[in-house]
Amino acid sequence: MVRFENVGMRYGPGPEVLRDVTFQLEAGSFTFLTGPSGAGKTTLLKLMLLAEPPSRGLISLFGHDLAVTKRSEFPALRRRAGVVFQDFRLLDHLSAFDNVALPLRLSGKHEADYASDVEELLSWVGLGDRMRARPPTLSGGEQQRVAIARAVVAQPDLLLADEPTGNVDPDIGQRLLRLFAELNRVGTTVLIATHDRALIERTGAREMRLVDGRLVELRTQRT
Amino acid sequence: MSQTNRPSRGRILPREQGAAPLDVVIAVMAFLAALAIGASLVAHRAAQGWQEGLSGSLTVQILPPEKGPPQPALDNQTNLVVQILRNTQGIASATPVSKEDAMKLVKPWLGSDALVADLPLPRLVDAQIIPGARVDLPALTAQLKKAVPDSILDDHSHWLSRLKLLADTVMWASYIILALIAIATASIVAFATRAGLQAHHNIVALLHQMGAHSSFIARAFERHYFVSTLAASAIGAALAGMVFLLASWLEFAGIEPVPFLPPLALHLVELVWLVAVPLGAGLIAWATARLSVLAALRKIY
Numbered sequence: 266m267v268r269f270e271n272v273g274m275r276y277g278p279g280p281e282v283l284r285d286v287t288f289q290l291e292a293g294s295f296t297f298l299t300g301p302s303g304a305g306k307t308t309l310l311k312l313m314l315l316a317e318p319p320s321r322g323l324i325s326l327f328g329h330d331l332a333v334t335k336r337s338e339f340p341a342l343r344r345r346a347g348v349v350f351q352d353f354r355l356l357d358h359l360s361a362f363d364n365v366a367l368p369l370r371l372s373g374k375h376e377a378d379y380a381s382d383v384e385e386l387l388s389w390v391g392l393g394d395r396m397r398a399r400p401p402t403l404s405g406g407e408q409q410r411v412a413i414a415r416a417v418v419a420q421p422d423l424l425l426a427d428e429p430t431g432n433v434d435p436d437i438g439q440r441l442l443r444l445f446a447e448l449n450r451v452g453t454t455v456l457i458a459t460h461d462r463a464l465i466e467r468t469g470a471r472e473m474r475l476v477d478g479r480l481v482e483l484r485t486q487r488t
Numbered sequence: 018m019s020q021t022n023r024p025s026r027g028r029i030l031p032r033e034q035g036a037a038p039l040d041v042v043i044a045v046m047a048f049l050a051a052l053a054i055g056a057s058l059v060a061h062r063a064a065q066g067w068q069e070g071l072s073g074s075l076t077v078q079i080l081p082p083e084k085g086p087p088q089p090a091l092d093n094q095t096n097l098v099v100q101i102l103r104n105t106q107g108i109a110s111a112t113p114v115s116k117e118d119a120m121k122l123v124k125p126w127l128g129s130d131a132l133v134a135d136l137p138l139p140r141l142v143d144a145q146i147i148p149g150a151r152v153d154l155p156a157l158t159a160q161l162k163k164a165v166p167d168s169i170l171d172d173h174s175h176w177l178s179r180l181k182l183l184a185d186t187v188m189w190a191s192y193i194i195l196a197l198i199a200i201a202t203a204s205i206v207a208f209a210t211r212a213g214l215q216a217h218h219n220i221v222a223l224l225h226q227m228g229a230h231s232s233f234i235a236r237a238f239e240r241h242y243f244v245s246t247l248a249a250s251a252i253g254a255a256l257a258g259m260v261f262l263l264a265s266w267l268e269f270a271g272i273e274p275v276p277f278l279p280p281l282a283l284h285l286v287e288l289v290w291l292v293a294v295p296l297g298a299g300l301i302a303w304a305t306a307r308l309s310v311l312a313a314l315r316k317i318y
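Chains as they are written, first to last, in the numbering used here: chain G, 266 to 488; chain B, 18 to 318.
Honestly, the hints are just simulated from the structure, not real lab data.
It cannot be assumed that every hint is accurate.
Computed cross-link-like contacts, BS3-like style, restricted to lysine-lysine with a CA-CA straight-line distance of at most 30 angstroms [to be verified]:
#1 K316(B) / K335(G)
#2 K162(B) / K121(B)
#3 K163(B) / K374(G)
#4 K121(B) / K181(B)
Here are a few chain B residues that sit away from chain G, every Cβ distance over 10 angstroms (derived from the structure) [unchecked claim]:
#5 R28
#6 P31
#7 G73
#8 P82
#9 K121
#10 L122
#11 D167
#12 H173
#13 R179
#14 A196
#15 A201
#16 L224
#17 Q226
#18 M227
#19 G258
#20 W290
The beta-carbon is built from N, C-alpha and C at its ideal position, and this holds for glycine as well.
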């Protein structure tokens, strides 16, 4: 599903943020990415999102070697990944419903075909009565849930989440984790960048830790 | 949730915050551009009218001798000139200008009192040339001089060349003003579109990140800026159209809005040209939005 080989990344002439990162995410796997702030977690996610090109090394996404993949094929690859950004990146002028439905609109679906799915998902994340609300009127936790619903609504092959439970209370956090687990159960590969030790311990999933731009594998997935 | 309670599908781009002043500027520029188009059409029509009015005619002056000939002699000379003109190939008609009409011609400069009536005014003969026909002017001049030595043939070429120069100057001036206004309007539309894109850069980046095709993102911006520019410039062009309609109404009512200038009213067919202003402005906004979005997306990985 995702393969990194000796990937290095630096911004401009600065020092390398990621060094010789090598790992593989198997299809259907569930992985946590941990590490102190500034270790390079967000940069690693950006590389997986095709938001930045690596400075060196090989990245393969959904079986496509990115070094030889045409740029015109990138949008289709991006649509196969759902993303929860740390800063949510919701569109303030759209309602919660429209924000969640955005990936479906981008893939050319009609509202009549997806409206009930979007409503059901928003109800599932506890925002059934806030569908018309725009992000500026939502709390931080509510915005985060909208961002998560947007990331999962198209049932992506790969789900990347940057601190997805950072702003929600434990009950909602549990509920979101169940949502990720359910998606994973039906085949979505999940990678969650987090500091939440409790979340990691509860799932017993594989953990990769970044320290000073280098990747350390701490634990493989419990069977 | 029932269908009626379902949230409506939102626009990909938000309505512009604080864009009203730019819309006003675009409307004003469109108003000026439409006025310039109208003015160039009026100038073109006036220049054509002036030329058509003077070309195709000749005037012969028969000067009274200084000592003052007897009236019958001057009448005979006038009749002779008329005869020569009527027998000349290419001339359709020749008519002597009556003394009363000659007095009317000088009235604006000299007045109409008794003294003016005693002035030795030259006799005038108007001749109309058959449209498309060529008159041998040197031969006609020689024939007239031989028959009536005090006659002067005027084919208006001096006035025509000066009038043509004036008309051409007016026309080119209006074209240059139109071009300058069009450049300014295009620049403002392009600037407004780019400024809007800058403000929405986060939306472009997010849609790109979520896998939207460049054409999808470009279409959203194209439509947005085409419609808003079209609306603003349509208001400006409509106001200019109303100015020309007002001029038309004044002309119909017999009121001359600006003395000495040709009629400012536009024909109905000419008014259609004003539609080109919002369409042109809309197309500039459309093209600028498309090119700017595609250029911005090319810079993103």
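Cβ separation check - G73(B) to all of chain G, threshold 10 angstroms: 66 angstroms, holds
Just want to verify: M227(B) was marked as not at the interface with chain G; is every Cβ pair farther apart than 10 angstroms? 6 angstroms, violated
Quickly compare the C-alpha distance for K163(B) and K374(G) to 30 angstroms and report which way the hint goes. 95 angstroms, violated
Is it correct that the beta-carbon of L122(B) has no partner in chain G closer than or equal to 10 angstroms? L122(B) clear of chain G: closest Cβ-Cβ about 73 angstroms, beyond 10 angstroms.
Looking at K121(B) again, its CB stays over 10 angstroms from all of chain G? 73 angstroms, holds
Just want to verify: R28(B) was marked as not at the interface with chain G; is every Cβ pair farther apart than 10 angstroms? Non-interface label on R28(B) violated, nearest chain G Cβ at 7 angstroms vs cutoff 10 angstroms.
K316(B) and K335(G): Cα distance at most 30 angstroms? 15 angstroms, holds
Just want to verify: D167(B) was marked as not at the interface with chain G; is every Cβ pair farther apart than 10 angstroms? 87 angstroms, holds
Reported absence of L224(B) from the contact zone with chain G (all CB gaps over 10 angstroms): With a cut-off of 10 angstroms, L224(B) comes too close to chain G, as the shortest Cβ separation is near 7 angstroms.
10 angstroms Cβ clearance of A201(B) from chain G: 31 angstroms, holds
Beyond 10 angstroms from every chain G Cβ - status for R179(B): 63 angstroms, holds
Would you say G258(B) is clear of chain G, with no C-beta pair closer than or equal to 10 angstroms? Holds, since 35 angstroms exceeds 10 angstroms.
The structure is inconsistent with the numbered hints 3, 5, 6, 16, 17, 18, although it conforms to all the rest.
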